[in-house]
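Student: Chains as they are written, first to last, in our numbering: chain A, 472 to 683; chain B, 472 to 683; chain C, 472 to 683; chain D, 472 to 683.
Hints were generated in silico from the structure; no laboratory data involved. Glycine included, each C-beta is placed from N, C-alpha and C at the ideal position. Where hints are given, some of them may not hold.
With the C-beta cut set under 10 Å, the calculated list includes, among others, these residues of chain D facing chain C [what the hints assert, rightly or not]: (1) R475; (2) F479; (3) D481; (4) A590; (5) N591; (6) K611; (7) P615; (8) M650; (9) Q665; (10) S668; (11) W670; (12) E673; (13) R677.
Protein chains: 4
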Amino acid sequence: MVARTAQFMDGIRKEIASSGGRSAVILADCTDQASLEKGLSEALGHVSAEMPLQAVVYNAAARIESPFLKLTSKHLETSYKLNQLAPWLILQRTLPIMEKQGFGSVLVTGATASIRGNANFTAFASTKGALRAFCQSLAKEMGPRGVHVAHFIIDGGVANSRIRHVRKDIPWDKLGASMDPESIADEYWHVHKQHFSSWTFEIDLRPFSEKF
Amino acid sequence: MVARTAQFMDGIRKEIASSGGRSAVILADCTDQASLEKGLSEALGHVSAEMPLQAVVYNAAARIESPFLKLTSKHLETSYKLNQLAPWLILQRTLPIMEKQGFGSVLVTGATASIRGNANFTAFASTKGALRAFCQSLAKEMGPRGVHVAHFIIDGGVANSRIRHVRKDIPWDKLGASMDPESIADEYWHVHKQHFSSWTFEIDLRPFSEKF
Amino acid sequence: MVARTAQFMDGIRKEIASSGGRSAVILADCTDQASLEKGLSEALGHVSAEMPLQAVVYNAAARIESPFLKLTSKHLETSYKLNQLAPWLILQRTLPIMEKQGFGSVLVTGATASIRGNANFTAFASTKGALRAFCQSLAKEMGPRGVHVAHFIIDGGVANSRIRHVRKDIPWDKLGASMDPESIADEYWHVHKQHFSSWTFEIDLRPFSEKF
Amino acid sequence: MVARTAQFMDGIRKEIASSGGRSAVILADCTDQASLEKGLSEALGHVSAEMPLQAVVYNAAARIESPFLKLTSKHLETSYKLNQLAPWLILQRTLPIMEKQGFGSVLVTGATASIRGNANFTAFASTKGALRAFCQSLAKEMGPRGVHVAHFIIDGGVANSRIRHVRKDIPWDKLGASMDPESIADEYWHVHKQHFSSWTFEIDLRPFSEKF
Chain A
472 MVARTAQFMD GIRKEIASSG GRSAVILADC TDQASLEKGL SEALGHVSAE
522 MPLQAVVYNA AARIESPFLK LTSKHLETSY KLNQLAPWLI LQRTLPIMEK
572 QGFGSVLVTG ATASIRGNAN FTAFASTKGA LRAFCQSLAK EMGPRGVHVA
622 HFIIDGGVAN SRIRHVRKDI PWDKLGASMD PESIADEYWH VHKQHFSSWT
672 FEIDLRPFSE KF
Chain B
472 MVARTAQFMD GIRKEIASSG GRSAVILADC TDQASLEKGL SEALGHVSAE
522 MPLQAVVYNA AARIESPFLK LTSKHLETSY KLNQLAPWLI LQRTLPIMEK
572 QGFGSVLVTG ATASIRGNAN FTAFASTKGA LRAFCQSLAK EMGPRGVHVA
622 HFIIDGGVAN SRIRHVRKDI PWDKLGASMD PESIADEYWH VHKQHFSSWT
672 FEIDLRPFSE KF
Chain C
472 MVARTAQFMD GIRKEIASSG GRSAVILADC TDQASLEKGL SEALGHVSAE
522 MPLQAVVYNA AARIESPFLK LTSKHLETSY KLNQLAPWLI LQRTLPIMEK
572 QGFGSVLVTG ATASIRGNAN FTAFASTKGA LRAFCQSLAK EMGPRGVHVA
622 HFIIDGGVAN SRIRHVRKDI PWDKLGASMD PESIADEYWH VHKQHFSSWT
672 FEIDLRPFSE KF
Chain D
472 MVARTAQFMD GIRKEIASSG GRSAVILADC TDQASLEKGL SEALGHVSAE
522 MPLQAVVYNA AARIESPFLK LTSKHLETSY KLNQLAPWLI LQRTLPIMEK
572 QGFGSVLVTG ATASIRGNAN FTAFASTKGA LRAFCQSLAK EMGPRGVHVA
622 HFIIDGGVAN SRIRHVRKDI PWDKLGASMD PESIADEYWH VHKQHFSSWT
672 FEIDLRPFSE KF
């Protein structure tokens, strides 16, 4: 697990440990190439013949909503680094390993903006659209070599995991139209485990009550 | 299970029975409205408070590939009945039940032609495109009432189940680029069981080696 | 010009005549196959070596907005006849002529619903989606034979021509977000006249102020 | 007219002059921010109340076709600068002027890769997809303010203008499936002149014989 701060990951690490799993928390900032390369090297140090690289999940994101003329090229640059350059760098390092293994999943998180540009979303929609097209190109390129690239359109708000833990008494349909993070995780897991004769490139996910 | 001839369904019925399940085979022709209505009535006779209507799966299809000027309006009419009128009639009867229940899944099979018209596919692409748009409209309409409508883009040849049973010794990746019917069924089952906070409207499925 | 009633066409016929043009008004109902076939025969009687078949424009439409469970199969059938069967029948008769000529344009009117199914638009979105896929298949099939098939996404309300004639004093931008029928006609004319090395299959048109 | 080298533009400048028009050639490299900013300042020096900013046409491009694992982040960076950052910078400078004027057109050149990622097109498809989404967002944002943003999908090879000038005796349909640059220019001109009640966001253009 890669994140910018350890604090955020502590709860998840403990949860994994308590259910008998193992995990490593690696600190890196996806918008900083040096930091990212260092984190990647650390992460790939855990990969071995006994513990192959099963999957890469990329879900870093930063949603910018603003009129175009109130943005600067700095906003575009940050979005580019997060949504385009970081996944590019990560996959330049990890795909050769997966290709050699002959298997592996690349699971990438998109949004509604990945398929539609809307007013005030120039930076977000363009870089998320780029990420989707990048994944589509890669899926076609890597599929025949046994590597599964999939893109998830998350079309809805995701419930804060803190709310979820604090208020387990409230059923999901009473929490409104937000998405249960665990149900999203189930979907990523499912796609990762798909039989190779029925692979998905793209799947959309939204709460039952979402307008779309 | 609804089919035109009992013979085709006998093997599946026995397979279900041998694993402790129950099933009913109903004979109906989806291009014949009277036959379809009769079959529907028979099928819905099995629905009760104890055995609610969990899911409707529609995967009847007839792929016509021919230059437009060699087709007649008869070809369009048959495609229309199979891909548009039959699902319409079936859902007119079943959605009120699901709406009253507050749950239920409608799982519909599409093809690559559902999202792209190609030369020599006027009849198939137009009616499959219609089926997709119909499902999309319905998904938006019925979702907030608890009924899940999903559309599957099956982008690849499906292996004949007979080959699969006869040659269990041959691994799937050696059978070529065809799709394992059981792996497709797993995907339908998965979407049917999705948590209501993460519902899919559309998912594409293809063999790992498929060009797309 | 084909319409259900002569009255509607009289003004247009006079306008054409007053500017030195010639036109014929043919009465036919696109949802009635016999009436349509008769109208087609009459229209094609005007085609000759001196007056070849330059273009077919199809813009009949009937927008149905209603919850699915309040519709009957009758609504689907009418939409099918208007949006799918009628263009099919018309093109079965006219494309062989254009193919023999080696030129000709087929200009078809779509709507936003042609590319997106929304709640309460099951009948309209499915049959308009079918019409679009039909056109796309045909465009790919007929283009190399010199026949140009194009699909127009009209995404906005069209100003009633009566308003336009009565209130020539009001500038268009004061009439609100509606589309000027003459500006739409200009677009069809433009696509009809496109150089064969730069043909359009699809073009969207909307008022400058339209939200999309 | 902005280009990297004067030589390329000389012929066009003379052609414009010989038909009574005026033009200025500005040297700038779109992948070099300082060079671009300098060129922009020079170009905008020509804008005045008498000569308002009618249109910005962006058609710089560099098509990279290569397996992902043979590319480096340098390829992505160059594509990003050309297809994303340069148009962003140009429009940050020019849209405020158009917004103040209350009119102006932004005409942007895309490719098939703008709407579909294919194998070996990771850099090109992602950045062209980004450019399209950027334009779509902008079109929605600027349209109601009177500024028309349009995106052209050029789906075919463009005939080298030199061939065109040298071999005027060869009719276009004998030059094969390539696009006549003048016919493309006609399309840009047409969209620029569209009535504001019928604006196009996206139009595709291809030779009559193109497979798509």
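Student: Now tell me if each hint is right for this structure.
Tutor: Hint by hint, here is what the structure shows:
no., hint, verdict
1, R475, "26 Å, violated"
2, F479, "22 Å, violated"
3, D481, "25 Å, violated"
4, A590, "22 Å, violated"
5, N591, "24 Å, violated"
6, K611, "6 Å, holds"
7, P615, "5 Å, holds"
8, M650, "5 Å, holds"
9, Q665, "7 Å, holds"
10, S668, "4 Å, holds"
11, W670, "5 Å, holds"
12, E673, "6 Å, holds"
13, R677, "6 Å, holds"
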